[in-house]
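Chain by chain, the residues:
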Amino acid sequence: MKRLAIVAVMIAAVILQSTICSFVCWKGLKPDLVTVIVILTGLIHGLVPGCVMGIAGGFILDYFTGRLLGAGALSKMAIGALSGWIAPKIFGDHLLVPPTSVLVGTWLEQTIYLLLVNAFGRGLPVIRSLWTIVLPVGLLNVIFVFPIYYTLLALERIRSQGGTREDG
Amino acid sequence: MRWITARWPVLATIIAAFVVIGLIYVTAEGRPELTFLEGKVRDGLAPIYGAVSDVTGFFKHWAGVIRNYSHLQQKNAELLEEIDRMKRKLAALEHLEEENARLREDLGFYQASSVPPVTAEIIARSPSNWFDKIVINRGTAHGLEPGDAVVTPAGVVGRIYTASERTAEVMLIADDRSAFGAAVLRSGAPVLVEGTGQGSSLRLKPLIKEVDIEIGDEIVTSSMSGIFPDGLPVGKVVDIDRGEYGLLLTAQVSPHVDLARVQRVFILK
Numbered sequence: 001m002k003r004l005a006i007v008a009v010m011i012a013a014v015i016l017q018s019t020i021c022s023f024v025c026w027k028g029l030k031p032d033l034v035t036v037i038v039i040l041t042g043l044i045h046g047l048v049p050g051c052v053m054g055i056a057g058g059f060i061l062d063y064f065t066g067r068l069l070g071a072g073a074l075s076k077m078a079i080g081a082l083s084g085w086i087a088p089k090i091f092g093d094h095l096l097v098p099p100t101s102v103l104v105g106t107w108l109e110q111t112i113y114l115l116l117v118n119a120f121g122r123g124l125p126v127i128r129s130l131w132t133i134v135l136p137v138g139l140l141n142v143i144f145v146f147p148i149y150y151t152l153l154a155l156e157r158i159r160s161q162g163g164t165r166e167d168g
Numbered sequence: 001m002r003w004i005t006a007r008w009p010v011l012a013t014i015i016a017a018f019v020v021i022g023l024i025y026v027t028a029e030g031r032p033e034l035t036f037l038e039g040k041v042r043d044g045l046a047p048i049y050g051a052v053s054d055v056t057g058f059f060k061h062w063a064g065v066i067r068n069y070s071h072l073q074q075k076n077a078e079l080l081e082e083i084d085r086m087k088r089k090l091a092a093l094e095h096l097e098e099e100n101a102r103l104r105e106d107l108g109f110y111q112a113s114s115v116p117p118v119t120a121e122i123i124a125r126s127p128s129n130w131f132d133k134i135v136i137n138r139g140t141a142h143g144l145e146p147g148d149a150v151v152t153p154a155g156v157v158g159r160i161y162t163a164s165e166r167t168a169e170v171m172l173i174a175d176d177r178s179a180f181g182a183a184v185l186r187s188g189a190p191v192l193v194e195g196t197g198q199g200s201s202l203r204l205k206p207l208i209k210e211v212d213i214e215i216g217d218e219i220v221t222s223s224m225s226g227i228f229p230d231g232l233p234v235g236k237v238v239d240i241d242r243g244e245y246g247l248l249l250t251a252q253v254s255p256h257v258d259l260a261r262v263q264r265v266f267i268l269k
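Chains as they are written, first to last, in this note's numbering: chain X, 1 to 168; chain E, 1 to 269.
To be clear, the hints were calculated from the coordinates, so they are not data collected in a lab.
There may be inaccurate statements among the hints.
Said to hold, decoys possible - In silico BS3-like cross-links for lysine-lysine, where the CA-CA straight-line distance does not exceed 27 Å:
(1) E:Lys75 x E:Lys87
(2) E:Lys236 x X:Lys27
(3) E:Lys87 x E:Lys60
(4) E:Lys60 x X:Lys27
(5) E:Lys269 x E:Lys236
(6) E:Lys60 x E:Lys40
(7) E:Lys236 x E:Lys205
(8) X:Lys27 x E:Lys269
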């Protein structure tokens, strides 16, 4: 059930990215909601959930993109694991932690992806792509941090309340 | 056996890593044919894509109406004036149309395409910022085939890359896999236009040694490449790099069609 929920959330994020987000695109770029979810899951739930969300979300995004199946899964898994690993060291209640993590995390994830697709023959100009894609996507993702962050927290609260009731 | 069972997480990770790297390698160049499952998944999701796009379009439309309400009265007066002007222009155009039809007949001119183009709505775009593609709500059931040219009245958009029964994926001209023959409208010089994978930017390379090209030149399609019909607008030259010693000329072309926002396209058969 939990696995199905992860897949459903990721498919919904990819559909939103393919449709609604295209209307709010900035300079032809759209936010990467899957990366936002992966990083925030790592922050809230830790290393393993961040990793699993990264693999699932990355594969689904790759599948819908249709090329380089697995590249997104690897880059998102890495960033999910990193945010989960780093969370206990930095995570507090400060309001700036989620947006900063998403900003830096997106930059890292997109850079890993860029290097990975170039390693498989894409030949994108690295410096130019950093300026024209990686940096703006990080900024765009920050806009969606708080709605997604509080939705994830609310879902977690519902889940834990359900668990408590069952236990009782 | 015990050695393997004790180390299964490491072995599983290594095997998974090889599988993923293999997958990336196999799918690096893109596949012009969809698998059965991919086709069915895309067709199955088409109504969801369509519904979400419709809802978004509805809200976008009404948000625009509300935002522009304060200008509506002034706009109304301007439009009434415009209608009068257009009526006069229409009368003149009708006259010209008649004359044009007569002249075409006289010259024995035939329309290049006897088959009417297929109209399609864009229901989804690439979820990734690294690849340029769109998905349209027409597929093999509507007679579309991979390779068909996709255009708008403003210019070329791309070509059909894969098609399922009710949807088709369009490879945009800005995709880094895209390349087609074109010509400089002013001088007629043949050129190659390539996608860069960098949003709405195209790269132009000359196909002859001394090409006559300037900033601001219009680029149009050429039927030589067998992809697009002759003379469709592509874009405008915005930058020219003549390279060291002027030997390796490349130019940057800004496409006429806003590929990030195009909503309706025509498919030429």
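**OP:** State the violated hints by number, sorted upward, taking the hints as numbered earlier in the document.
**Re:** 3, 6, 8
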